[in-house]
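The listed protein sequences derive, respectively, from chains A and B. Note that numbering that gives the first Met the number 0 numbers the first sequence so that position 140 is 139, with each residue one more than the last. Note that numbering that gives the first Met the number 0 numbers the second sequence so that position 259 is 258, with each residue one more than the last.
Because the hints were derived from the structure by calculation, they are not lab data. Where a beta carbon is used, it is the ideal one built from N, C-alpha and C, also for glycine. Hints should not be assumed to be uniformly reliable.
[What the hints assert, rightly or not] Calculated pairs, BS3-like style, for lysine-lysine (alpha carbon to alpha carbon, straight line, at most 27 Å):
1. 253/B / 58/A
2. 257/B / 96/B
3. 58/A / 257/B
4. 143/A / 63/A
5. 129/A / 99/A
6. 63/A / 98/A
7. 96/B / 129/A
8. 242/A / 252/A
9. 119/A / 19/B
10. 63/A / 253/B
11. 259/B / 129/A
12. 120/A / 259/B
13. 120/A / 1/B
14. 259/B / 1/B
15. 119/A / 96/B
16. 63/A / 99/A
17. 19/B / 129/A
18. 267/A / 242/A
19. 63/A / 1/B
20. 287/A / 242/A
21. 120/A / 19/B
22. 99/A / 119/A
[Unchecked claim] Facing chain B, from chain A, some residues (calculated, C-beta under 10 Å):
23. 46
24. 77
25. 140
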Amino acid sequence: MNIVEVERLTKRYGQENAAEELSFALEEGTATALIGPNGAGKTTTLSMLADLLSPTSGKVTMAKGLTIGFLPQYPQFFPWLTALEFTEMAAKLSGVETKKARLQATRTLEFVGLGTALTKKTGAFSGGMKQRLGLAQAIVHQPKLLLLDEPISALDPTGRREIMDLLKSLQQDTTILYSTHILNDAEEMTDQLLFMKDGRLIEQGSLSEVRDRHANPRIRIRFQNYAQAVEFAEGQAWGSEVKENSIFLPVQKSGPTMQQVLQVLASKKQDVLGVEFQTASLEEIFLKVVAGK
Amino acid sequence: MKHFGILMQKEWRENIRNYKIYWIPAIFILLGITEPAVNYFLPQILEASGGLPEGAVFEIPTPTPEQILMAVLQQFQTIGMAVLILAYMATIAGERKSGTATLLYVRPLSFSAYFLSKWVVAAAISLASVWLGFFSGYYYTRLFFGEVEIIKLLQMIGFYSFWVLLILTIVLAASAALPNGGLAAAAAFALYVLLQLADGLLGANWSVSPVKIPQYAATWLTGNPDLPSLWGAVGITVVIILVLFGFGSWISRKNKAKTKV
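Bound conformation, chain A alone:
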């Protein structure tokens, strides 16, 4: 079931389109990665979904009674409130019962790893702690939809790992839409990919769909040197590309298959350093798609 449907969503500032004719849907319980270079319109899109910005045209339809949690890229806190005071207030403002709010806030802060900083003023928080507190205020009321703007970009590798694991554990009963430019993370937690550039969606689909369209599968054979690679390339009928000491054979429906390649290699008694099947990483796909449109 789709809990959010976005139709031709557009946000215009003067002549500039920060978001142009975006259409996509979020299915309940899935994670969607919004990917794009800086200035692509990711924050604008998330802000419209969070009802901070009103669209110039188009519409967002949300499931009835949908509760939302939002984490901005650089969350700002009242420096004179403690982490617990702030999170408790956030919970209450989002409709958590007064009696339960403190307990829920405490548990959430422990969950994001701030259990020892409950009574610390947020003004004294480090960047990483602020990011965790930002996540805490976004999830404290157990929203059905989580909108996260670059949730992990500001973290160090350890913190990034921890927050990724937290997000994955939330995924069971939360629908997540998050923007990122770290494609390894997107690859790890995504059911749907949305590629944005210059305010437009330039590619969308499930990870496997996008892969199928752009994966560009090929077999790479590594030789001792360039000359050997060229010699092999000239000696067979498949289309191929030589780069340094390697030869790349694009895999199409007609072949070649790995087995055919190995048979040829065996028959030639050719010594090789390695043979492997390759597909484009998300990063390569991203660069290709962004460069292409």
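Please build the complex by placing chain B on the supplied structure of chain A, with the hints as guidance.
Showing chain B alone in chain A's frame:
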């Protein structure tokens, strides 16, 4: 209504922890004490600052206690109101500009509760400051210059309070409407000066004017102001404040897109 309580607690904590609850009353108390003290010690002050030329005879008439209290009100009208405007100019604009408002605005926030919670706390602190300032001034005036009936003082403070609330409401509404605290203060000051200028030029024709409230309030010390005019002015002030509540809540919601994300 639930949001009002939650947000008021936040405002209260803010005003305690950024020390507004201490320094605003402190300024008003200081202003209140200065007037009677300076007047009482004027001869000694003149002496200490080099004195008068040899042989000069200079009669300084002793002011009446009523005059001293009116001078206190004058101080509040200039420095006091400036302090309130500067203290609360960034109340809403500042939250948007720093981005702290964002995490409030992404919730199903009641903007009237948002505006009113800020107003109630700011009003409580402002009124308490003004009252404490007048009471301290009154104490020293009695000590140095003689008795003034307390009922006269209370009447003056009571009516002057409406004026204080009007100024405060204008500042908060400006803070909700304009992009930053500086502009909000500038707009509030401009309005403050313009209103007084307009009243000075054309006020003779119109006795029922909110701008005349301070003047009427001071009249309680020496006699009775024209009651229908005074109550009319208070009525208009209350209506303006209520209208500004509506405007402030509406414009806060409208400007939520301007918060830094």
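Evaluation of the provided hints:
1. 253/B / 58/A: holds (19 Å)
2. 257/B / 96/B: holds (8 Å)
3. 58/A / 257/B: holds (20 Å)
4. 143/A / 63/A: It holds: about 11 Å lies between the C-alpha atoms, which stays within 27 Å.
5. 129/A / 99/A: Holds, at roughly 24 Å.
6. 63/A / 98/A: At roughly 26 Å apart (the allowed maximum being 27 Å), residue 98/A and residue 63/A satisfy the hint.
7. 96/B / 129/A: Since the Cα atoms of residue 96/B and residue 129/A sit roughly 18 Å apart, the hinted pair holds (cutoff 27 Å).
8. 242/A / 252/A: Between residue 242/A and residue 252/A the Cα gap is close to 23 Å, so the pair holds against 27 Å.
9. 119/A / 19/B: holds (21 Å)
10. 63/A / 253/B: holds (24 Å)
11. 259/B / 129/A: It holds: about 16 Å lies between the C-alpha atoms, which stays within 27 Å.
12. 120/A / 259/B: holds (22 Å)
13. 120/A / 1/B: Roughly 25 Å between the alpha carbons, so the hint for residue 120/A and residue 1/B holds.
14. 259/B / 1/B: This hinted pair holds, its Cα atoms lying about 26 Å apart.
15. 119/A / 96/B: holds (24 Å)
16. 63/A / 99/A: Roughly 24 Å between the alpha carbons, so the hint for residue 63/A and residue 99/A holds.
17. 19/B / 129/A: holds (26 Å)
18. 267/A / 242/A: holds (21 Å)
19. 63/A / 1/B: With Cα atoms ~22 Å apart, residue 63/A and residue 1/B stay inside 27 Å; holds.
20. 287/A / 242/A: holds (19 Å)
21. 120/A / 19/B: holds (18 Å)
22. 99/A / 119/A: holds (21 Å)
23. 46: holds (5 Å)
24. 77: holds (5 Å)
25. 140: Cβ of residue 140/A sits 8 Å from chain B, so the hint holds.
Consistency with the previously given hints is maintained throughout, with no hint failing.
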